[in-house]
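Student: Construct the entire structure; sequences and hints are all you get.
Sequence order for the protein chains is W and G. Throughout the first sequence, residue numbering follows the numbering used here, covering 4 to 367 in sequence. Throughout the second sequence, residue numbering follows the numbering used here, covering 64 to 633 in sequence.
Keep in mind the hints are simulated off the structure, nothing from the lab. Cβ atoms here follow ideal geometry from the backbone N, Cα and C, with glycine treated the same way. Hints should not be assumed to be uniformly reliable.
Claimed, not checked - Reference listing, derived: stretches of chain W covered by chain G, where coverage requires no fewer than 3 residues with Cβ under 8 angstroms from a Cβ of chain G:
| no. | stretch |
| --- | --- |
| 1 | 82-93 |
| 2 | 180-192 |
| 3 | 348-356 |
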Amino acid sequence: MRPVVALAMLCVVINAQSAELGRRVFGAAAVAEFGYEVLHASDIALTQAADTLRLDWGKTDAALSLGLGTLAIDYAPVSFDFLGSALGRRETAVSAQLAVRHRADPQLELRGSIGARDGFDSYRALWLDEFFRQRFEGRPGYQRAEPWGMAFSGGARWEYQPASGFAQLGYARSQDDVAPGYEIDFAGLRRGAETLVTDTVTLGFENVPTPRLRTRAEFRLSTTSGREPRYGSEISARFSVGERWIIRADAGASDERPTFRAHYGGVELEFAATESLAVFLGGQLYRDTGEVENALLFTSAAPGLRSGQAALGLRHDGERLAWRVSVGTVAGDFAATNRNTDFFQNLYRDRHWLALRAAGSWKF
Amino acid sequence: MKRSRAFFALVTVSVLVLSSSPIRAAIYRAGETVENFTLTDRATGLPVNLTDFAGKIVFLEWFAWWCPFCQAAAPQVRSGISDYYAARGGNPAGFPVLHVALNLQPGQEADTQRFITAYGLGLTLNDFNRAVADRFQPGGQPIFAIINGVEGSASHRQWELIFTQLGYASTQAPITDFRRAIDGIRAATVVAPPVVTPPLVVPPVVTPPVAVAAPLLAAGPRDLTVRPGQLAQFFAVNTGGTAAHEWHRNGTLVPGATGDVLTLANVGPAEAGRYTVTLTNATGSVTSAVATLAVDATAESSLANVATRASAGTGAESLIPGFVISGGPKTVLVRAAGPALAAFGLSGVLADPQLKLFSGETVIAANDDWSSVSNAAEVAAASARLGAFAFAPGTRDAALLATLAPGSYTVHASGAGSTTGVALVELYDADLPGASGRGSFVNLATRGFVGTGANVMIPGYVISGTAAKTLLIRAVGPALASFGVTGILADPVLTLFSGSQPILGNDNWSDAPNVAQLRSATTRVGAFPLAEGSKDAVLLVTLPPGSYTVQAAGAGDTTGVALVEIYEVP
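Tutor: Structure representation (structure tokens):
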């Protein structure tokens, strides 16, 4: 929270002093962005803050982002877990990323990024880490998890039709040292995979077939260590109705052998109350068949999930200042598992989340 | 002495030969009869047999403390099976349901105990190396098995496997499945006896004349040397017709001595002399050879050897002899004979027995192959000195030679590498002759299942030295109930053998003519008291040096768990 506030204050001060401060300091048009998100359920609280400084030198722009996340869980073992005990656990995760875009010619833009993260990347990872810690800490073979990761990406965006047709090809690789799972038997304790490498290739198309319609389609292929390739696709559209209404819609699907399927779709309706202020209301439905089980002794894979979310928000676009806030709710409904034996039924229980999101940017 | 020990060993092996049967290794399927097995009770270290649970529906649950599905199952089985049927007094037919937990994980005692405590497990046996588990479900855990221990059920045979299952996650309603199997064991149908119409004319009953056989003295009194104040006994074993007994000392009738046992308490010089017994009935009379009773304050004797037949599986699936040393350190020779038994014509022997000597729950000595240890020569020499039959060099029989402090010990014999078979576990007093300050065996005990026929329990003992030894021998059945033992032998009967000859017996200790002496001896040796009027069996006997066996059987061919104890009475 503190970095967000500090950067926001800095931006305000900078904005107040000079609109051209960015050019004088950096020799480039500058934009400071911040984003803040809170997800709160009865036993889990997540926050994520990100500050970005974007500099534009004309042909080249760069964005440096710093992120800070907190994960707080009220860990609760199942009643038959005699090795577990309830406790609260809080972790922080920090991240940094540098992204660069360079317009090689009017039709071709090259992109690249590099980033790193230190800390748990999800409350699920933290929950599982606590589960294994309580069971096995102090036993030969157990090591305290110190998850971190790094990633880089590269790609190109080609404007094959001026202002109306774009194609984008990207490649990304991430390497994550995760909190591993464990299995134990008569031979003792064994750690699961600690390092996961994911390669992702994306191919996207963005078109403006009419002045009121913008569409986008993306196809994605990713491979992760020890798993089958995952295919994904997504289409989205932005459609203007009259002068004040905008409809955004998206739909997507993912598939991983042998059993994972996911589908989702959403709609957002935005009404421009004034030239600079808009109200939006949106919702999204998501459904999957559950993670592919890569269990060792027993599975910690998530069962099938159905979720829905809705959000109501305001958006302001000023000459130099823009912001967007929303409040929403997310309801997750996991498929039933064998409650007789499911050690993760408290992790994968149905939850209702309160979601607060805020984002803003200043040009200076 | 050596000859008597060798003879004793041969007798014991003969019993083994008669009772041995090949070990099946096949996996049980529902509907098959489960063979008896023996595992160790974690709480007491004593062996427990499946047949101990006769009269009950046995719910077996194998676990390892770290196994998540075992953790998931344990509390649900407790509430859904153990508590459920306890509250209802058994299954719908009224048969009690006994939950037995079986621990698969050797070592890691603290974790295992934590599991047991957390889930409130009751009777817990150790099944290390999956000796029994693999007969039901090879590999994996938890394993569940439901066995009908009820004799005379209308629906299932006794010891029939009703249900077995590997894992707990495979079904959404495991407890329901378990209950369905348990509730399906039904009581026997009561059939009204047929009505028999009596004949109109009752033929006269003619009693044929009874020919009375002459008395036949199968075993008479033997020479006896006792210390002053000791109890002395002479025995007369009559295998002929019923006869009156007259005992004579130095040719003079001993007043009031008309039984088959002449008991002389608090013996002094006045009782010393030459004794005979005369058996007389209408057909004839027989007089025994003279037996001399000597009183010698310097005479010594001790319990020198105990041997127990054991059907040993892997782990601790065997009978487990226990012993107590008192008065000073003692060198003991412990042997587990397997391959060596083949020389006696025994089949199905344990190919590679292992020995572990426990003090409490601590292993203080162990051996696999007797000749592989550094003191193999000493073991061989001790065996020869003590009259034990020799192990051939390089065989996989196991032996231990150890000097032990006074205390209580148990011997566990099991098969190496998951082998199974029959073994003979022997315990010898290996103190060198004349050694001073040495202790003695004051209590030898064997707990196990008492069957019928050749499966009655027959521990064997050897008394060495020059003096007679007064022993309190008990076959405890009903009294075990107060220790939480189930499936007890309701009415044990004790028979003491010298060689193959029975010389003394007892059914119910309270009915014994020397019941006051039995009470006194029980107190003196520190044995736990038996309830007045109980059907436990007790003998107080003074025996000259030699080898003896004690046969414990159930009255009326009943079966169950019994503890056979032998105490040295000071």
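Student: Give a verdict on every hint.
Tutor: Okay, the hints, checked on the actual structure:
For the stretch 82-93 of chain W, the stated coverage by chain G is satisfied: 5 residues place a CB nearer than 8 angstroms to a CB of that chain, which reaches the threshold of 3. With 3 residues carrying a beta carbon less than 8 angstroms from a beta carbon of chain G, the stretch 180-192 of chain W meets the three-residue requirement, and the given coverage holds. Coverage of the stretch 348-356 of chain W by chain G is violated in this model, with 0 residues showing a Cβ closer than 8 angstroms to a Cβ of that chain against a need of three.
Checked against the numbered hints above, the structure breaks only hint 3 and satisfies the rest.
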